[in-house]
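> Here are the chains, one letter per residue:
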Amino acid sequence: MEQMQIIAAAALNPAHVQELDRRAEFRKATLNMKMASAVLSEALGPLRQAVPAFAEQMSLILATGHGEFNSTIEFLKEWAVHKHARPFVFQSSLHNSTTGFLSLHEHITAPTFTLSHHYFSGEEALDMALQLLTARLCPVVAVVGVDTRIHESFSFLKGEGFPHAGWGQGAGAVVLANESFCQQHNLPPLGSLQVPQIDYCQSQTFHHVGEQFATGEFYDSQAIESLAQAVLRKDSSPLNMAKPNGGKSQIRWALHV
Amino acid sequence: MSIWIAGAGVVSSFGLGKEKLFQALYQRRIGLNEQGLGYVGDGDRHLIAQELKSKSWPLQMSLWAAREAIHEAGWTHFSPRDGIIFATTTGQIIVWEKELAYLFQHQSESPPFKHHPLGTVLDEFCVSAPEYLGFPQEFTGPRTLIASACAASTQALALASLWIETGKVDRCLVGGAEVLCDLTVEGFRSLKLLSAQPCRPFDQQRAGINLSEGAAFLCLQKDKGSAKAKLLGYGLSSDAYHMTSPHPEGQGAYRAMASALAKAKISEEQIGWVHTHGTGSINNDLAEGAALKYLLKNHRPFISSTKGSHGHTLGISGVFESVISYQGLCEQTQIATMGLQDLDPQINLSIAKEHAHQPVDIILKNTLGFGGVNASLVLGRV
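Each protein sequence line maps, in turn, to chains A and B.
Residue 198 in my numbering sits at position 198 of the first sequence, and the numbers go up by one each step.
Counting the second sequence from 1 gives a position; my numbering is that position plus 1000.
Calculated directly from the structure, the hints in this document are not laboratory data.
Mixed in with the good hints, there may be bad ones.
[To be verified] Under the rule of at most 30 Å between Cα atoms (straight-line distance), these lysine-lysine pairs were calculated in the DSS-like manner:
| id | chain 1 | residue 1 | chain 2 | residue 2 |
| --- | --- | --- | --- | --- |
| 1 | B | Lys-1293 | B | Lys-1224 |
| 2 | B | Lys-1263 | B | Lys-1222 |
| 3 | B | Lys-1222 | B | Lys-1192 |
| 4 | B | Lys-1265 | B | Lys-1228 |
| 5 | B | Lys-1297 | B | Lys-1353 |
| 6 | B | Lys-1098 | A | Lys-83 |
| 7 | B | Lys-1192 | A | Lys-28 |
| 8 | A | Lys-77 | B | Lys-1192 |
| 9 | B | Lys-1224 | B | Lys-1263 |
| 10 | B | Lys-1297 | B | Lys-1263 |
| 11 | B | Lys-1098 | B | Lys-1192 |
| 12 | B | Lys-1020 | B | Lys-1055 |
| 13 | A | Lys-248 | A | Lys-234 |
| 14 | A | Lys-77 | B | Lys-1055 |
| 15 | B | Lys-1098 | A | Lys-28 |
| 16 | A | Lys-28 | A | Lys-83 |
| 17 | B | Lys-1228 | B | Lys-1263 |
| 18 | B | Lys-1098 | B | Lys-1055 |
| 19 | B | Lys-1053 | B | Lys-1098 |
| 20 | B | Lys-1053 | A | Lys-77 |
| 21 | A | Lys-28 | A | Lys-77 |
| 22 | B | Lys-1224 | B | Lys-1192 |
| 23 | B | Lys-1222 | A | Lys-77 |
| 24 | B | Lys-1293 | B | Lys-1263 |
| 25 | B | Lys-1293 | A | Lys-248 |
| 26 | B | Lys-1055 | A | Lys-83 |
| 27 | B | Lys-1192 | B | Lys-1353 |
| 28 | B | Lys-1353 | A | Lys-83 |
| 29 | B | Lys-1020 | B | Lys-1224 |
| 30 | B | Lys-1020 | B | Lys-1222 |
Just need the whole structure built from these sequences, with the hints factored in.
This is how it looks when you write it as structure tokens:
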């Protein structure tokens, strides 16, 4: 598989999360939608000017572990207690709702995907982007990773059997393109990405909870944000990530100078 | 490059196995209860649960359907060159739903979770499948989960095809499961989309959609082996129009179908059966009808929806109905549209009301989903 070019990256600053609530376009959006949209918009900023009809050519892969589960909980709570089903909450409760929101917001008409595979969601989304580019199904792919903290009122999730106390939240975006697209539009690549290496662990338990997880910084699709941050600070050291179930991954990318 | 379909398996409201499903459709039976919902029967539930008591209902169904597919494909061993792609919208939500209802109603600090792990909502299959399907304990092959609403499993089949094309794997088990639960039933009811009667796709008296549960899997491989069908092409697109309604002119659906035909190097005149998404909602019917009219021009293939019999299985509808298409190719039988009496005059197509036994080499299968995702497959006879 040929190496693919990284042409943009953005990572959400946690300090800016509350500011998202004040933006008119996010009035009815969930936190997942707000964070994903903000980070994708930031990544796409300069590209929109550089490439005509950029969004029509760009595929989107959204990686998320818990998806819109907070909306799901809200819907189920209202139903369980009051037997009242709220349509707007339901339509926001699907994992794919975030992707739908992004495609509407950015006018993306190329293929869009929602990928949700627990701790490896981010790595697998990057892998999928490379597959799409290699097969020339599209010339450019935006990969967005987003996860929000499960609703804090669920104190039971902090018990010993469910060590979600450390579940973090965040968002990151990386835009990948093939070489000919970069040359055609005179886009200087920031770096090139190799296929992520994933070591799945068959363990179904949380016995290998890592330090990062325990301190509340880990979230399922974090690999995208980690890569985006590395690209932004031009640090091309291999990204080695340990997962709470004992699995691990490595993402390698090369800086273009 | 040909992608071969070597095996298929399904659990449906008509019973266990693809033959039961196809026979029921051919006999024009309806697998929906008095509320218009398609539950798997108690007897079949009991049979499936006997061996896998500790697992959740969606996982039990998945493993049964996957085993049927693997058995037909003759896959007896697994290696890192094999992959697994799962697709769903509800996953294990039914487990969460029960426990959360207890929590909310009893204001408990801690609900009595019976199933572990529940770290995520969707991916129990990817964790458990290797152990229960005969993959080696140390199975390291690629796996992932697609959750792109009602197009999820069609996208999963496209991705599996891509994995084989690019050499990532030699074989891939692709499928998923959906359960009927409060989230989907009450959610769709709140959107005023549900019909208590069997749905009537493309009919001017349509009253909404039916939801159903089940599991379905296909075995894809790069070598022909004893395969009976081929996945010739796939096409994917997005509407960027509305969160829950397709583009009214079916622009996205048209682009998905056109790309699938282009990928398969097939012209519209070669299509023998269009197995539509055909949910029976007015927005879907009109959008898909407009897109098909634009695609087919003057060509008149057999066009039908099978959802009036089995209901809409949401995220797995693509693979579930591809199993029906697969059987249709094998038996050279095309299944008509149940419930269609008076064609909506806005649907400018000839929709089949009666089954047919025409020689069909090519089937076009569509799915349209919330969030504006469209996906189409081209299936071919061997």
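> For each hint, tell me whether it holds in the structure or not.
Taking the hints in turn, this is what the structure says about them:
As the CA atoms of B:Lys-1293 and B:Lys-1224 are separated by approximately 34 Å, the hinted pair breaks the 30 Å bound. For the hint pairing B:Lys-1263 with B:Lys-1222, the CA-to-CA distance comes to about 17 Å; that is within 30 Å, so the pair holds. At most 30 Å may separate the alpha-carbon atoms for a hinted pair to count; B:Lys-1222 and B:Lys-1192 exceed this at roughly 44 Å. Distance restraint check for B:Lys-1265 and B:Lys-1228: the Cα-Cα separation of roughly 20 Å lies within the 30 Å cut-off, and the hinted pair is therefore satisfied.
Proximity of B:Lys-1297 to B:Lys-1353 is assessed by CA-CA distance (about 21 Å); at most 30 Å being required, the pair is judged to hold. Of the pairs offered as hints, the one joining B:Lys-1098 and A:Lys-83 holds, with about 14 Å between alpha carbons and a cut-off of 30 Å not exceeded. Pair hint B:Lys-1192 plus A:Lys-28 holds up; C-alpha atoms about 21 Å apart against a cutoff of 30 Å. At most 30 Å may separate the alpha-carbon atoms for a hinted pair to count; A:Lys-77 and B:Lys-1192 meet this at roughly 20 Å.
With a CA separation close to 19 Å, the supplied pair B:Lys-1224 and B:Lys-1263 stays within the 30 Å bound. A C-alpha spacing of about 19 Å is found between B:Lys-1297 and B:Lys-1263, which places the hinted pair at or below 30 Å, so the restraint holds. With a C-alpha separation of about 24 Å, the suggested pair B:Lys-1098 and B:Lys-1192 falls inside the 30 Å cut-off, and the hint holds. Restraint check for B:Lys-1020 and B:Lys-1055: the C-alpha separation of about 25 Å stays at or below 30 Å, so the hint holds.
With a CA separation close to 23 Å, the supplied pair A:Lys-248 and A:Lys-234 stays within the 30 Å bound. For the hint linking A:Lys-77 to B:Lys-1055, the alpha-carbon distance of about 25 Å falls within 30 Å, and the restraint holds. Of the pairs offered as hints, the one joining B:Lys-1098 and A:Lys-28 holds, with about 28 Å between alpha carbons and a cut-off of 30 Å not exceeded. For the hint linking A:Lys-28 to A:Lys-83, the alpha-carbon distance of about 23 Å falls within 30 Å, and the restraint holds.
For the suggested pair B:Lys-1228 and B:Lys-1263, the alpha carbons sit about 20 Å apart, so the restraint of at most 30 Å is met. Annotation: proposed proximity of B:Lys-1098 to B:Lys-1055 holds, straight-line Cα distance about 15 Å (limit 30 Å). Under the criterion of a C-alpha separation no larger than 30 Å, the hint pairing B:Lys-1053 with B:Lys-1098 is consistent with the structure, at around 17 Å. Simply put, B:Lys-1053 and A:Lys-77 have alpha-carbon atoms about 28 Å apart, close enough for the 30 Å limit, and the pair holds.
The hinted pair formed by A:Lys-28 and A:Lys-77 meets the criterion: a straight-line CA distance of about 19 Å does not exceed 30 Å. Simply put, B:Lys-1224 and B:Lys-1192 have alpha-carbon atoms about 46 Å apart, too far for the 30 Å limit, and the pair is violated. Proximity of B:Lys-1222 to A:Lys-77 is assessed by CA-CA distance (about 47 Å); at most 30 Å being required, the pair is judged violated. For the hint linking B:Lys-1293 to B:Lys-1263, the alpha-carbon distance of about 20 Å falls within 30 Å, and the restraint holds.
Restraint check for B:Lys-1293 and A:Lys-248: the C-alpha separation of about 50 Å exceeds 30 Å, so the hint is violated. Using a Cα cut-off of 30 Å, the hinted pair B:Lys-1055 and A:Lys-83 holds, with the two alpha carbons roughly 28 Å apart. Simply put, B:Lys-1192 and B:Lys-1353 have alpha-carbon atoms about 27 Å apart, close enough for the 30 Å limit, and the pair holds. Taken as a hint, the B:Lys-1353 and A:Lys-83 pair is broken in the structure, with Cα atoms around 39 Å apart against an allowance of 30 Å.
Between B:Lys-1020 and B:Lys-1224, the direct Cα distance comes to roughly 26 Å. Compliance with the 30 Å bound is thereby established for this hinted pair. Between B:Lys-1020 and B:Lys-1222, the direct Cα distance comes to roughly 28 Å. Compliance with the 30 Å bound is thereby established for this hinted pair.
Going through the hint list in order, the structure does not satisfy hints 1, 3, 22, 23, 25, 28.
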